[in-house]
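**Student:** Residue numbers (this note's numbering), protein chains in the order written: chain A, 1 to 361; chain B, 362 to 989.
Warning: the hint list may mix true and false statements.
Stated by the list, open to error - With a straight-line cut-off of 25 Å between C-alpha atoms, the simulated BS3-like cross-links for lysine-lysine are:
id : chain 1 : residue 1 : chain 2 : residue 2
1  : A       : K222      : A       : K284
2  : B       : K459      : A       : K222
3  : B       : K788      : A       : K284
4  : B       : K459      : B       : K420
Stated by the list, open to error - Which chain B residues stay away from chain A? Per the calculated CB distances, all over 10 Å, these:
id : residue
5  : E408
6  : V505
7  : D507
8  : G529
9  : V710
10 : G777
11 : G800
12 : V957
The hints are simulated quantities; they were obtained by calculation from the structure and are not laboratory data.
A virtual CB, placed ideally from N, CA and C, is assigned to each residue, including glycine.
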Amino acid sequence: MNRFPGRDGPRLRRAIVLAGLLTTLVGAAVPGATPEETIAGAARRVVKLYGAGGVRGLEAYQTGILVSPDGHIVTVLSTVLDSEAIDCVLDDGRRYPATLLGADPRRELAVLSIAGEDLPFYPLPATDEPATAEPAVAGGRIAAGTRVFALSNLFGVAVGDERVSAQHGVVSAVVPLEARRGAHEAPYRGDVYILDCTTSNPGSAGGALVDWRGRLVGMLGKELRATATGVWLNYALPTEEVARGYRGVLGAGPDQPGTGPDPDSAPYDVALLGIVLVPDLLDKTPPFVESIRGGSSAARAGLRADDLLVALNGRSVASRAAVQQRLATLAVGDPVQVTVIRNGSIVECDLGPKPEAGLKP
Amino acid sequence: MSRRSSGRLALPARLAGFFLAALSCGGLSLDNACDAAEISPAVRAAERARIEAMAGASKAAVAIFAGEAGGGSGVLVSADGYALTNFHVVQPAGVAMKCGLSDGRLYDAVLVGLDPTGDVALIKLVGRDDFPFAEIADSDLVEVGDFCFAAGNPFLLATDFRPSISAGIVSGTRRYQFPAGTILEYADCLQVDAAINPGNSGGGLFDAEGRVIGVNGRASFEKRGRVNVGVGYAISSNQLRQFLGCLKGGRLVDHATLGATVATADDGRVVVSDILESSDAYRRGLRYDDEVVALAGRPVRTVNALKNILGTLPAGWRVPLVYRRSGRRREILVRLAGLHTSGELAKIVSGGAEAENPEAPPGRPGDPGKPGDPGQGGATKPEVVLPAALSGLYEPRNGFTNFHFNVVERDRVARGMAARHPLPAGKAPWVISGRLEKGQPFRIEISNRQATIDLPTGTSSIDATADLDATPAPPGSGGLLAALVLWRRLLLDGPAATGRTTYWGTVPHWSTEPPSGGPDAAADSGAAPGTPGGAMLVDVLDTAAAAVEGRFLVADDGFVLGIDLWPTPDADPCEVRFTPGDGLPTAMEVRHGDEVFGRFTIERIDIEATADGEPGAEAGVPADGGTT
């Protein structure tokens with residue numbers, strides 16, 4: 001995690017200078033632009049996404065951000081994307097089918113692709129070095145107190161060529177996310193921007209958070225409640241995290257210096273332990289082991305196919321999803337103990353410390 | 362929710378100044394906190410201007426109390442006490458309500474006009490002729506990102522009648538929010554992130570200068586319950602302006618329908634998917650599968666866009682429509698029919714047909730905000746017991762919300778007409794003479810008993826004492842003589858004596874008629890000319906005599922600009938358009954359907970009898986207003 005106490009000043013100054021220098025080249029983030037112009041410029045790079053849902057309070061729409069000229073879109077990983085047909089509608093009303101390129105389950109970020117050309121986009125930084133950051137995005141962190149606009153497809157209110165909604169607010173705090181959805185902890189535990197405007201609305205997730213210069217500073221997060229208080233959180237994933245997730249999904253990620261996963265947060269997939277669970281087909285798929293990869297820590301611990309996982313480190317895991325959620329709350333190096341039911345008996349398996357690993361392939 | 366927790370949702374005007382001061386720091390963060398001493402005079406001036414705008418808006422804000430049924434907000438738009446609010450705010454209140462202003466005084470107010478489909482109501486406060494009010498701005502100029510603020514009575518907090526202010530930005534323009542059943546449709550509305558809470562309904566949405574750009578009425582609510590989540594909607598001020606005339610006339614106003622439905626074709630064009638043969642659009646030539654390009658001067662690129670435009674228009678208006686067929690672009694003027702029958706609307710207003718339950722709308726997203734309206738449908742209309750201050754200000758009548766105000770408006774227009782057309786009292790026949798386009802002479806004589814026209818093609822006459830719908834004459838005009846008979850009657854006798862004459866409201870009028878049939882008329886400009894926004898709104902008096910209905914377009918100065926006369930309903934009217942002169946008109950153009958029947962240059966109009974009963978030159982009023 002890039003924390004930079006005491007380094008904001010030079011970093012921000014560099015970013016500002018860069019923004020000033022390169023602005024005219026990219027045509028975005030015009031200093032001195034009115035809020036109206038800033039919002040109009042940002043809205044062109046924000047897309048409306050339509051996929052699965054529409055039942056039981058699950059919305060079938062959300063928001064995405066164009067991040068490449070050939071049609072890459074970052075958005076949140078959600079049930080909306082659980083669809084063969086994801087529709088993407090641009091600011092000008094153009095409609096494309098979108099393909100899921102991959103996802104970063106820890107950041108709950110997904111990358112989609114559309115077959116568009118010459119699209120307006122936010123170039124995400126190729127590395128964590130702010131010096132190389134493009135002016136259309138903020139280099140490095142922004143500070144609490146920064147004024148921002150949030151652009152999103154909230155409530156699905158904009159359709160076709162209608163522009164996404166714009167809200168105004170201030171970054172209230174930059175703090176690690178401690179949130180849950182229902183009983184499940186959110187897997188991402190890194191810093192987020194807490195906002196003073198209501199962005200936890202249906203369809204807002206995946207929207208763009210821009211500063212008053214029009215630079216992308218973050219991506220609006222999913223609808224989550226604070227673990228401590230139960231309050232609905234209005235937050236955004238900082239652009240640098242979005243960029244890391246994006247690079248990771250594209251396969252450029254974990255090996256690059258400074259772009260690896262945060263040592264203090266957890267990889268997500270049970271496959272990292274060598275466990276392959278049965279496919280997650282039901283609301284609460286029982287976490288039966290489908291197979292165990294040879295040579296893995298799970299194999300060494302004696303786990304077998306057809307074992308039913310009932311607890312992880314002493315906490316019950318009633319479903320496949322619960323296993324993954326529980327695992328995600330563990331830090332790298334934490335001991336992993338699995339309780340399984342095998343032939344009617346309870347068996348404890350010690351898988352050793354949680355391994356460090358890159359992103360899901 | 363508890364009042365304690367909700368109390369914090371209001372934002373005092375003082376804080377807005379603080380907000381601006383924060384903006385002015387200019388840096389990326391508040392870390393570079395600005396010294397008060399460093400604030401530039403320009404910023405201080407802007408801050409002061411904002412505080413003044415909010416103070417001005419606060420004076421125009423109305424806290425509406427509907428007794429046990431709850432209440433809401435309103436906004437004064439004229440010094441004589443007219444205030445706009447929501448239908449859903451006043452519905453539980455009935456005809457009379459109490460309204461508090463920021464001066465701490467409570468005023469009586471009476472219901473004037475209703476537009477249930479648009480969720481708009483007009484009320485009139487009484488007791489002063491110098492009410493503070495807010496100017497109505499042009500909402501078409503509002504942009505996403507514009508600063509805006511609401512002044513209203515959220516959670517009915519304003520026990521001292523001083524409104525709560527909540528500031529924000531315009532989040533979206535031209536939004537569409539589905540109706541509940543057939544009412545409470547928010548078309549072409551403004552979306553804001555200023556806090557809109559229950560009780561804000563009916564209050565004004567203001568721009569940075571404190572002018573009204575909308576009336577707040579609903580919000581999207583979700584998991585947190587019925588409190589603001591930064592997604593409020595306001596009826597645009599331009600829609601309000603389009604209905605204001607009709608509302609002032611005490612009418613129960615309906616919204617428009619095209620008589621055709623549209624769908625998106627595979628290639629993205631918006632095409633006619635069904636059309637009623639009885640509709641004016643059909644008579645003007647619109648057919649199945651035609652591509653709709655523009656309506657009322659605004660481009661139609663999506664089905665939603667058409668719904669947005671139609672949803673802001675009163676039934677009975679006539680607007681340009683541009684369509685394309687086989688690559689050819691055509692422009693027509695279309696008269697819009699009503700969404701409801703007047704019986705249906707009356708039923709809705711009385712609560713009978715409110716089984717629609719606006720609390721649970723069919724359409725996602727967004728609930729129709731029913732802020733400030735705890736009392737729900739099914740409530741029977743309260744008995745009308747007027748406080749003394751309102752006595753004589755209410756008169757029930759079928760098809761009207763409050764007929765008293767119709768008489769007020771009708772008489773206002775009549776006074777203007779009388780002043781503009783000074784005529785002798787008397788029943789002498791009028792003789793209008795002059796030349797047609799190609800120089801041939803014409804002569805029209807109208808008396809109490811009959812009307813006759815001499816044209817190069819022949820002579821026609823009608824019996825002015827009988828029903829005027831017998832046979833439209835002269836042939837091809839659609840009823841020119843009947844129109845002129847009613848015109849003379851209205852000018853001589855005034856509206857009170859002329860059949861059943863009521864005030865209709867206002868309609869758009871172009872100083873020169875927009876091209877009606879030319880295929881390439883609007884090809885060069887992106888939008889159709891003469892948009893309702895750009896056209897002049899003129900008063901309309903409606904006269905019914907037997908089966909004949911005439912609508913008189915009256916300019917601000919009282920001049921009768923034109924007559925539309927329907928010998929029978931659902932047919933094309935005879936349209937007469939007069940060219941103003943100093944006195945009576947100097948020319949008239951007569952159309953019927955798509956055809957121009959004739960263009961008449963009026964050389965003289967004789968309106969006074971001579972000694973032997975014949976029209977005489979001495980008494981003649983020269984049409985051009987010059988001396989004889």
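**Student:** State for each hint whether it applies.
**Tutor:** Comparing the hints with the structure gives:
1. Distance hint between K222(A) and K284(A) is fulfilled; the C-alpha atoms sit about 21 Å from each other, no more than 25 Å.
2. Taking the CA atoms of K459(B) and K222(A), the gap is about 45 Å. The hint is violated against a cut of 25 Å.
3. Annotation: proposed proximity of K788(B) to K284(A) is violated, straight-line Cα distance about 91 Å (limit 25 Å).
4. Of the supplied pair hints, the one linking K459(B) and K420(B) holds, its CA atoms being roughly 16 Å apart against a limit of 25 Å.
5. Distance check on E408(B): its Cβ is at least 16 Å (rounded) from any Cβ of chain A, clearing the 10 Å threshold; non-interface status holds.
6. Look at V505(B): its CB is around 5 Å from the nearest CB on chain A, not clear of 10 Å, so calling it non-interface is violated.
7. For D507(B), the requirement that its beta carbon stay farther than 10 Å from each beta carbon of chain A is not met, with the minimum near 6 Å.
8. Residue-level check failed: G529(B) sits 7 Å from the nearest beta carbon of chain A, not beyond 10 Å.
9. Against the 10 Å criterion, V710(B) stays outside the reach of chain A, whose nearest CB is about 28 Å from its own CB.
10. Every CB of chain A is more than 10 Å from the CB of G777(B) (nearest about 41 Å), matching its label as outside the interface.
11. The Cβ of G800(B) lies farther than 10 Å from every Cβ of chain A, with a closest approach of about 53 Å, so its non-interface assignment holds.
12. Every Cβ of chain A is farther than 10 Å from the Cβ of V957(B); the closest lies at roughly 39 Å, confirming the non-interface assignment.
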